[in-house]
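What follows is each chain in one-letter form.
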Amino acid sequence: MQHRGSRSSGAPGSESAPRTPDKGIGRRRFLGYLVAAPTLAAAAHLGQSAAAPREAGAVIPSAPEASEISDLNDLMTAAAAPTSNLISVVVNSDGTASFDMPRSESGQGVTTMAAMLIAEELDLPLDKINVTLADARPELVFNQITAGSNTVISTYRPIRIAAAIARGQLLKAAAVELGEDPTRLTSYLGVIKAPDGRTIGYGALAGRAASQQTKQVEVTLKDPSEFTVIGTPRNRIDALAAVTGRKTFAMDLNIPDALPTMICRPPTIKGTPRSVANADEVRQMPGVTDVVQIATGIAVRAKTFGQCIDAVNALDATWNPGTADNESDDTVLDKIRQAESPFTVPKVDPAAEVVEGRFTFYFRNNAALEPNTAVADVRPDRAEIWAPLQTPILCKQRVAKQLGLQEDAVAVHVQQAGGAFGRRLFDDAVIEAVEASRKMGKPVKLMWHRTDECRQGRTHPLCTSRIRASFSGDNVLTFEQRHASVGTDYSHGFGEMLTATNDDDRPPVVRENDKGSAGQVFNLTVNVPYNFGAVTQSLDEVDTYGTFPTGSVRNLVNPDVRTAQELMVDQIAAKMGKDPYQFRREFVDDERLRAVLDKVAAEGEWGREMAHKTAQAITVHKEYKGATACLVEIDCRDETVNRKIRNAVTGPRVTKVVMAIDAGLPVNPRGLEAQMQGGIMDGIAQALTSSLHLRDGVLLEGSWDDYFYTRHWNAPLETRVIVMPPTTGKPGGAGEFGVASPMAAVACAYARATGTIPTSFPINHDTLSFNPKPTVPPLPPSPTNGLTFTY
Amino acid sequence: MRTHTFIVNGERVHVKIEDDVRLLWVLRDVLGITGPKYGCGINVCKACTCHINGKAFNPCSVRVADIKGNDEVTTIEGLPDTVGADLHPMQEAWLERDVAQCGYCQPGQIMAAVAKVRQAREAGHEVNDADIDEIRNICRCGTYARIREAIKEGATKM
Ligand code: FES
Ligand code: FES
Numbered sequence: 001m002q003h004r005g006s007r008s009s010g011a012p013g014s015e016s017a018p019r020t021p022d023k024g025i026g027r028r029r030f031l032g033y034l035v036a037a038p039t040l041a042a043a044a045h046l047g048q049s050a051a052a053p054r055e056a057g058a059v060i061p062s063a064p065e066a067s068e069i070s071d072l073n074d075l076m077t078a079a080a081a082p083t084s085n086l087i088s089v090v091v092n093s094d095g096t097a098s099f100d101m102p103r104s105e106s107g108q109g110v111t112t113m114a115a116m117l118i119a120e121e122l123d124l125p126l127d128k129i130n131v132t133l134a135d136a137r138p139e140l141v142f143n144q145i146t147a148g149s150n151t152v153i154s155t156y157r158p159i160r161i162a163a164a165i166a167r168g169q170l171l172k173a174a175a176v177e178l179g180e181d182p183t184r185l186t187s188y189l190g191v192i193k194a195p196d197g198r199t200i201g202y203g204a205l206a207g208r209a210a211s212q213q214t215k216q217v218e219v220t221l222k223d224p225s226e227f228t229v230i231g232t233p234r235n236r237i238d239a240l241a242a243v244t245g246r247k248t249f250a251m252d253l254n255i256p257d258a259l260p261t262m263i264c265r266p267p268t269i270k271g272t273p274r275s276v277a278n279a280d281e282v283r284q285m286p287g288v289t290d291v292v293q294i295a296t297g298i299a300v301r302a303k304t305f306g307q308c309i310d311a312v313n314a315l316d317a318t319w320n321p322g323t324a325d326n327e328s329d330d331t332v333l334d335k336i337r338q339a340e341s342p343f344t345v346p347k348v349d350p351a352a353e354v355v356e357g358r359f360t361f362y363f364r365n366n367a368a369l370e371p372n373t374a375v376a377d378v379r380p381d382r383a384e385i386w387a388p389l390q391t392p393i394l395c396k397q398r399v400a401k402q403l404g405l406q407e408d409a410v411a412v413h414v415q416q417a418g419g420a421f422g423r424r425l426f427d428d429a430v431i432e433a434v435e436a437s438r439k440m441g442k443p444v445k446l447m448w449h450r451t452d453e454c455r456q457g458r459t460h461p462l463c464t465s466r467i468r469a470s471f472s473g474d475n476v477l478t479f480e481q482r483h484a485s486v487g488t489d490y491s492h493g494f495g496e497m498l499t500a501t502n503d504d505d506r507p508p509v510v511r512e513n514d515k516g517s518a519g520q521v522f523n524l525t526v527n528v529p530y531n532f533g534a535v536t537q538s539l540d541e542v543d544t545y546g547t548f549p550t551g552s553v554r555n556l557v558n559p560d561v562r563t564a565q566e567l568m569v570d571q572i573a574a575k576m577g578k579d580p581y582q583f584r585r586e587f588v589d590d591e592r593l594r595a596v597l598d599k600v601a602a603e604g605e606w607g608r609e610m611a612h613k614t615a616q617a618i619t620v621h622k623e624y625k626g627a628t629a630c631l632v633e634i635d636c637r638d639e640t641v642n643r644k645i646r647n648a649v650t651g652p653r654v655t656k657v658v659m660a661i662d663a664g665l666p667v668n669p670r671g672l673e674a675q676m677q678g679g680i681m682d683g684i685a686q687a688l689t690s691s692l693h694l695r696d697g698v699l700l701e702g703s704w705d706d707y708f709y710t711r712h713w714n715a716p717l718e719t720r721v722i723v724m725p726p727t728t729g730k731p732g733g734a735g736e737f738g739v740a741s742p743m744a745a746v747a748c749a750y751a752r753a754t755g756t757i758p759t760s761f762p763i764n765h766d767t768l769s770f771n772p773k774p775t776v777p778p779l780p781p782s783p784t785n786g787l788t789f790t791y
Numbered sequence: 001m002r003t004h005t006f007i008v009n010g011e012r013v014h015v016k017i018e019d020d021v022r023l024l025w026v027l028r029d030v031l032g033i034t035g036p037k038y039g040c041g042i043n044v045c046k047a048c049t050c051h052i053n054g055k056a057f058n059p060c061s062v063r064v065a066d067i068k069g070n071d072e073v074t075t076i077e078g079l080p081d082t083v084g085a086d087l088h089p090m091q092e093a094w095l096e097r098d099v100a101q102c103g104y105c106q107p108g109q110i111m112a113a114v115a116k117v118r119q120a121r122e123a124g125h126e127v128n129d130a131d132i133d134e135i136r137n138i139c140r141c142g143t144y145a146r147i148r149e150a151i152k153e154g155a156t157k158m
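So the sequences go chain by chain: A and B.
Note that the numbering used here numbers the first sequence so that position 229 is 229, with each residue one more than the last.
Note that the numbering used here numbers the second sequence so that position 119 is 119, with each residue one more than the last.
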């Protein structure tokens with residue numbers, strides 16, 4: 001590796017410093033700050049806009065849809081720009097750098113991404129960069145929400161600016177120490193070197209490079225041609241902690257006296273507690289210290305979680321009805337059917353052929369593997385919270401309001417999350433922990449049981465998607481999509497009180513839906529990535545989001561919206577007598593889509609001979625300033641479908657997936673690959689096996705052996721993700737991006753292998769493949785026969 | 001309430017607690033060994049997978065009273081010591097493939113993988129796709145593809 005020469009303008013504030021003319025041209029200078037501190041601290045404003053221009057299409061171009069002009073990410077970054085505050089990179093005397101990141105890390109790899117950006121601009125090895133998660137910082141206003149795959153898009157530039165300013169300042173300090181002109185110095189892996197070979201480490205310079213006052217400075221960022229870290233595959237910075245069991249989650253914290261706490265929950269969705277007959281008796285149970293009633297149930301605190309489970313199940317409670325006691329899958333579907341808007345585009349050509357489809361997508365669970373957890377220590381005059389949170393500012397504000405405290409009397413420490421997928425946009429567990437801690441007068445470590453997660457947790461709303469398309473000759477003339485759904489809860493707004501709508505004074509169970517947000521999010525995230533003439537898409541919602549606990553599960557509406565579309569695309573292609581790949585190739589409205597499509601077709605051997613009841617399918621997806629394509633092969637042969645595994649759904653198996661992603665500029669191709677693989681597993685689950693069954697106000701699922709997320713036996717034997725070389729030079733989102741295309745491809749492959757176009761998802765929903773656990777007592781007791789299963 | 005004694009990660013422990021408390025909570029809430037994770041409490045998710053006398057098991061579903069005095073419990077924290085190294089080869093393979101995402105399931109996945117490789121060998125073959133298909137550990141982040149590769153690679157060094 002080459003030592004990197006000093007960028008002439010890298011020294012902040014040195015306006016008179018000589019420039020290297022050719023390198024300065026075409027580069028943009030950015031403003032950041034040196035922050036007054038005992039050690040070197042450099043900062044930048046969070047927030048940038050990165051709208052990608054839309055490329056013209058062929059065939060009959062469709063008018064650009066809202067999401068193509070300005071997608072949700074632009075709205076999120078724009079919301080941040082005028083009000084955002086500073087994020088700082090600090091250089092320490094031990095030669096390390098620190099960055100307190102105002103985002104949540106849930107496995108999506110944003111801390112690694114941040115460390116890479118710092119490593120790039122600061123010329124410091126990755127393992128010398130510590131990225132921690134910032135406490136809630138209300139002054140960041142809109143800018144501490146982790147959602148919509150926005151993190152890399154919104155932090156890509158500010159983190160680099162801060163790191164580049166820090167490096168410039170180190171060079172200046174080194175120049176003084178070494179008596180050299182800063183432009184003659186080079187920096188490499190945390191060491192600054194003079195032409196004569198003398199060196200000085202960042203650690204030794206950290207104090208001397210510190211600024212006495214906070215001041216604005218200009219800086220030039222590296223040209224992408226100089227990147228040695230960005231765009232190279234890097235392992236996660238927390239990988240070692242993860243494989244040694246040292247990675248700490250909220251549940252692993254050792255906060256003094258914060259004893260395990262669980263909640264006895266009502267038998268139906270959002271029921272509320274009426275009375276408890278035996279609280280005193282339960283308080284006498286082994287290990288139990290406290291039993292108190294809170295808004296959502298009866299909280300029990302004990303020495304161990306095991307004793308909490310026993311105490312929860314021993315409670316003799318009565319309950320008020322919930323919000324959906326009379327609702328079942330069928331009643332909700334009826335309501336949705338009534339809410340479905342008619343198609344509006346008139347038939348363009350009387351000779352055109354019309355295809356129509358209606359698809360149902362059942363409720364899906366939003367839980368991560370780490371259940372909802374929150375540690376709360378509420379005192380009369382202050383409160384301290386530890387929890388994995390995608391919206392920490394809002395949480396801080398809500399807790400302050402809940403307790404009647406000033407915001408600054410509430411400290412909210414964001415913890416690493418064991419998965420999030422949108423679930424941790426909601427602080428339900430924190431609000432419960434705070435109420436329990438306040439009423440008990442003691443710190444609590446509150447955890448939801450898995451069964452709580454299934455039955456009272458957030459869901460991806462049940463919805464239908466209808467499509468009507470017309471085509472004539474070689475042209476698709478119209479393509480209309482009508483999506484109708486149980487309301488999605490977007491009440492978190494941009495993660496603070498100004499835009500949040502979930503902080504009214506009514507109890508949390510009866511909040512009204514906010515149709516405005518849902519419609520806006522829908523319009524900003526959906527598109528039809530093909531030149532299909534007159535395209536319209538619309539959303540209708542039923543129920544308030546107080547009725548069902550919903551949320552914007554990974555990739556929001558697009559897994560469903562796009563699956564419906566791609567199933568119709570295959571039908572149109574078939575009716576036109578065209579190959580599914582060639583048809584898409586011809587109609588995609590974006591060159592980047594065409595490139596990823598070609599890539600997976602070639603690498604996945606599109607069109608190869610497939611055995612009876614096995615098939616390939618191919619789909620695309622465009623979102624998050626990127627493009628994906630996915631080719632899958634599915635095996636629907638009887639011997640595969642009927643594989644017997646104890647307490648498991650087997651069914652068709654996706655045997656091979658080849659996916660390509662163009663993320664504009666892949667900051668960490670390895671991380672991107674991981675995100676796509678996760679999206680593939682989600683897509684398989686949602687197409688084939690994962691759903692909740694609603695019966696009379698109860699979601700019947702109660703564990704991972706009822707709610708069939710993809711398991712090892714259903715994971716593809718071959719999974720390949722191809723990360724395309726940089727295209728736009730701007731990084732796009734990743735965390736949510738991977739679900740839509742694989743889900744659609746699996747659905748299409750199933751249709752081609754079986755000859756039956758599936759119309760409801762997951763395809764196994766009509767068969768209840770487990771015995772529902774009782775709702776009273778609410779938790780399944782832990783078995784005692786674990787030793788009979790050792791292997 | 002009696003005192004239970006057994007060996008965890010090579011050290012003898014004594015725990016005074018009710019007989020029917022499941023071992024997972026004794027490890028996590030009493031002994032502060034937090035590598036084994038909770039994901040269900042009913043022997044389904046396998047996030048809590050540890051070894052007892054070298055075999056995989058799920059402490060969420062075993063009463064502490066059923067652990068005998070000479071039983072050796074190994075959690076992810078103690079796995080490297082079983083091979084006298086800083087890391088077990090399976091952990092190395094996990095790093096090599098950058099398997100973890102959120103990491104929550106991974107201690108359990110690694111403990112299951114090590115046991116699966118040994119089980120396959122006892123049955124006279126090297127671990128294969130069919131063996132891996134039998135692993136019940138959930139990964140909600142969907143790292144299955146990398147786990148599959150890492151198990152095969154880790155096995156070659158075990
Ligand atoms: S917590 Fe032990 S198997 Fe799920
Ligand atoms: S890495 Fe998150 S659950 Fe497996």
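Careful, some of the hints might be misleading.
To be verified - Okay, the calculated beta carbon distance ranges per label pair:
hint, chain 1, residue 1, chain 2, residue 2, range
1, B, ALA85, A, TYR791, 47 to 57 Å
2, B, GLU126, A, ARG643, 46 to 56 Å
3, B, LYS68, A, GLY755, 50 to 60 Å
Unchecked claim - EDC-like mimics (lysine to aspartate or glutamate), calculated; alpha carbons at most 20 Å apart, straight line:
hint, chain 1, residue 1, chain 2, residue 2
4, A, LYS656, A, GLU586
5, A, LYS644, B, ASP20
6, B, LYS55, B, GLU134
7, A, LYS599, A, GLU718
8, B, LYS68, B, ASP20
9, A, LYS613, A, ASP696
10, B, LYS68, B, GLU92
11, A, LYS578, A, ASP540
12, B, LYS55, B, ASP66
13, A, LYS656, B, GLU72
14, B, LYS16, B, ASP81
15, A, LYS439, A, GLU609
16, A, LYS401, A, GLU609
17, A, LYS644, B, GLU92
18, A, LYS439, A, GLU384
19, B, LYS68, B, ASP86
20, A, LYS644, B, GLU134
21, A, LYS656, B, GLU11
22, A, LYS303, B, ASP19
23, A, LYS439, A, ASP428
24, A, LYS401, A, GLU639
25, A, LYS656, B, ASP131
26, B, LYS152, A, ASP257
27, A, LYS613, A, ASP598
28, A, LYS613, A, GLU639
29, B, LYS157, B, ASP66
30, A, LYS303, B, GLU72
31, A, LYS773, A, ASP181
32, B, LYS16, A, ASP334
33, A, LYS656, B, ASP81
34, A, LYS439, A, ASP257
35, B, LYS55, B, GLU96
36, B, LYS157, B, GLU72
37, A, LYS439, A, GLU356
38, A, LYS644, B, ASP129
39, A, LYS439, A, GLU639
40, B, LYS68, B, GLU18
Read the hints as simulated data drawn from the structure, not as lab findings.
Positions of the beta carbon are idealized from the N, C-alpha and C atoms, including for glycine.
task = Compare the structure with the hints numbered earlier in the document and write down the numbers of the violated ones, lowest to highest.
result = 1, 2, 4, 5, 9, 10, 11, 13, 14, 15, 16, 17, 19, 21, 24, 26, 27, 29, 30, 31, 32, 33, 35, 36, 37, 39
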